[in-house]
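Protein chains: 2
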Amino acid sequence: MTEPNIDGKLAEEFAVPAHVEEVKTRMAEFARCHASEGRRVVVITSGGTKVPLESRTVRFLDNFSSGRRGASSAEYFIEAGYAVIFLHRHRSLYPYSRMFSTVNILDALQLQTREQGEDEVVVNQEVLPNIYKVLKRFQEVKESRLLLPIEFSALSEYLHLLKATAQAVSTIEMPEHKIQSSNGPLQLSLNMVPKILSPLVKDWAPQAFVISFKLETDASILLDKAKRALDTYRHQAVVANVLDSRRGYVVVVTPDSAVELLLTDEDVKQDIEIEERIVSNLTSAHQKFIDQV
Amino acid sequence: MTEPNIDGKLAEEFAVPAHVEEVKTRMAEFARCHASEGRRVVVITSGGTKVPLESRTVRFLDNFSSGRRGASSAEYFIEAGYAVIFLHRHRSLYPYSRMFSTVNILDALQLQTREQGEDEVVVNQEVLPNIYKVLKRFQEVKESRLLLPIEFSALSEYLHLLKATAQAVSTIEMPEHKIQSSNGPLQLSLNMVPKILSPLVKDWAPQAFVISFKLETDASILLDKAKRALDTYRHQAVVANVLDSRRGYVVVVTPDSAVELLLTDEDVKQDIEIEERIVSNLTSAHQKFIDQV
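Quick mapping for you: the protein sequence lines, in order, are chains U and Z. So the first sequence is residues 1 to 293, counted in full-length UniProt numbering. So the second sequence is residues 1 to 293, counted in full-length UniProt numbering.
Incorrect hints may appear among the rest.
Where chains are identical, the list cannot tell them apart; a pair therefore holds if satisfied intra-copy or between any two copies.
Cross-link-like lysine to aspartate or glutamate pairs, in silico, EDC-like; alpha carbons within 20 Å at most [said to hold, decoys possible]:
id, residue 1, residue 2
1, LYS133, ASP119
2, LYS136, GLU118
3, LYS142, ASP107
4, LYS225, ASP256
5, LYS133, GLU115
6, LYS214, ASP256
7, LYS225, GLU79
8, LYS202, GLU273
9, LYS142, ASP224
10, LYS214, ASP231
11, LYS136, ASP119
12, LYS24, GLU151
13, LYS136, GLU115
14, LYS142, GLU126
15, LYS133, GLU118
For the record, the hints were derived by calculation from the structure and aren't laboratory data. Computed from a predicted model, the values in this text were never measured in an experiment.
Make a model of the complete structure from these sequences and hints.
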């Protein structure tokens, strides 16, 4: 049996949201601008997808995802020198501001009466010890336009925006001293609707280094499932993990390797995040992919 | 056909989460303390419910709800003199801090270098013009313990906590000069799993004034559905609304009345929220309910 034609289905079942063309232009401009400076671009999809059960809907079939992994990965890719298109679901976690997800922000604020001038509202840095550093980095990233956030709500919006993103970053004209095909964008797709991988790899972004994520509850079938996904979709890597241990253990599976990444107790004590290791592994793999072409 | 026995099903299908007993004690203490001061108690459930599709699950059948209505209603009930038990879903909107849901909090923060002392992080009050007032009120409410937030994630947790809440607030011993049965708590249940209304009204909180919410996409069947819910579950009121107009129009339906509440364009310009009208209507109805018993 052949794969269903998602492109056809997309056109048939879901009208193109009105803002897709405008967003596509912004993404292409973003990608072009960074490519002209020799900067690599990664597309991260994050935050799960909502599937409407009725046409005008009050119930959804939802994927489990706060968007934590997508948001933190975006930060580490920026630290690694990438520009990031962050295609994320409405109200999912966001790079840099994700630190607020564990506190009620009002518990971290204080009223302060100044002798001169206006009364102020000040962040209590005992409640949020990293806020100064994080805000500073957020403002630098904003200033240098290294992060392009694109928001989606419904599945149809996500699919059209993903297609637009892939096309926008795939058609970058690279500077002459680089070989165009060898510097394709990195496509990191968390919480991907599985069938969408096929047109993404084959049609929308054939030169990209595409990574999908696989979250299982049963560790024993993890590797097998990851390998089968690579066989089926012919993309470059699967980051596989188990629900219970996903914050501290993943396997990065490629057609010819399976590398385990693990946080030790010591790592956890030092607030090291597994996403730092994942991103480090993936940027190396991306470099190798570029060198091989 | 008879209603399924939810109580039995609860025990059968879902183990009682470990923290329910501890939460129940806290709620009972909260209700007892406020009742002893003659303060009425309202229980608000907010933020939708997640229904696990598998036992260890990565996908959910979800209700559409950001929790905006529950969070703002909690604020208006506190202004009306009630103490509020806020049974809300993890990551749904929260009283007072709900104003942050429309901005990236980092966009509202500024680094500030002080001549003396530590560098500070300050809220930009041009981005959040109400922050000083809202934070002040939040701190007063916290100080006077008028708000008891209880969080849930899964459906089973929600059901057990709701039952515990109803029992905790129903068994309040009122001061002698009040008749116990006439000062039952107000039970405001947004996004209620429908079948749960039956044991709530009949068994868990028979003396409470119970309100359910009905969200429809079709306005023509709204009133009929609300009346049918009252007939079936025998509770006191249904707040009925239509998806598209829910921020500006509701009908409060009781067994012998249907009152339309509507925001005019002028109201909207003045940032009046429909929840202020709903809460005003419901507190009056609650008073009447108490007087009649």
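Hints, verified against the model:
For the identical chains of this complex, LYS133 and ASP119 are inter-copy neighbours only, at 11 Å across copies versus 24 Å inside a copy, given an alpha-carbon limit of 20 Å. With identical chains, the CA atoms of LYS136 and GLU118 are at most 20 Å apart between copies only, with a shortest distance of 15 Å across copies and 24 Å within one. When the C-alpha separation of LYS142 and ASP107 is checked against a cutoff of 20 Å, the pair qualifies only between copies, where the shortest distance is 10 Å, while the shortest distance within a copy is 26 Å. In this assembly of identical chains, LYS225 and ASP256 lie within 20 Å of each other by CA distance solely inside one copy; the values are 15 Å within and 59 Å between copies.
Within a single copy, LYS133 and GLU115 get their C-alpha atoms only as close as 27 Å, which misses the 20 Å cut-off; across copies the closest is 19 Å, which meets it. In this assembly of identical chains, LYS214 and ASP256 lie within 20 Å of each other by CA distance solely inside one copy; the values are 18 Å within and 55 Å between copies. With identical chains, the CA atoms of LYS225 and GLU79 are never at most 20 Å apart, being 31 Å at best within one copy and 55 Å at best between copies. In this assembly of identical chains, LYS202 and GLU273 lie within 20 Å of each other by CA distance neither inside one copy nor across copies; the values are 33 Å within and 50 Å between.
For a Cα distance limit of 20 Å, the shortest separation of LYS142 from ASP224 qualifies neither inside one copy, at 41 Å, nor across copies, at 52 Å. Proximity of LYS214 to ASP231 under the C-alpha cut-off of 20 Å is restricted to the intra-copy arrangement: shortest distance 14 Å within a copy versus 48 Å between copies. When the C-alpha separation of LYS136 and ASP119 is checked against a cutoff of 20 Å, the pair qualifies only between copies, where the shortest distance is 12 Å, while the shortest distance within a copy is 23 Å. Proximity of LYS24 to GLU151 under the C-alpha cut-off of 20 Å is restricted to the intra-copy arrangement: shortest distance 13 Å within a copy versus 39 Å between copies.
Taking the shortest Cα distances, LYS136 and GLU115 sit within 20 Å of each other only across copies (19 Å), while inside one copy they are farther apart (27 Å). When the C-alpha separation of LYS142 and GLU126 is checked against a cutoff of 20 Å, the pair qualifies only between copies, where the shortest distance is 19 Å, while the shortest distance within a copy is 26 Å. When the C-alpha separation of LYS133 and GLU118 is checked against a cutoff of 20 Å, the pair qualifies only between copies, where the shortest distance is 13 Å, while the shortest distance within a copy is 25 Å.
Of the hints listed earlier, those the structure fails to meet are numbers 7, 8, 9, in rising order.
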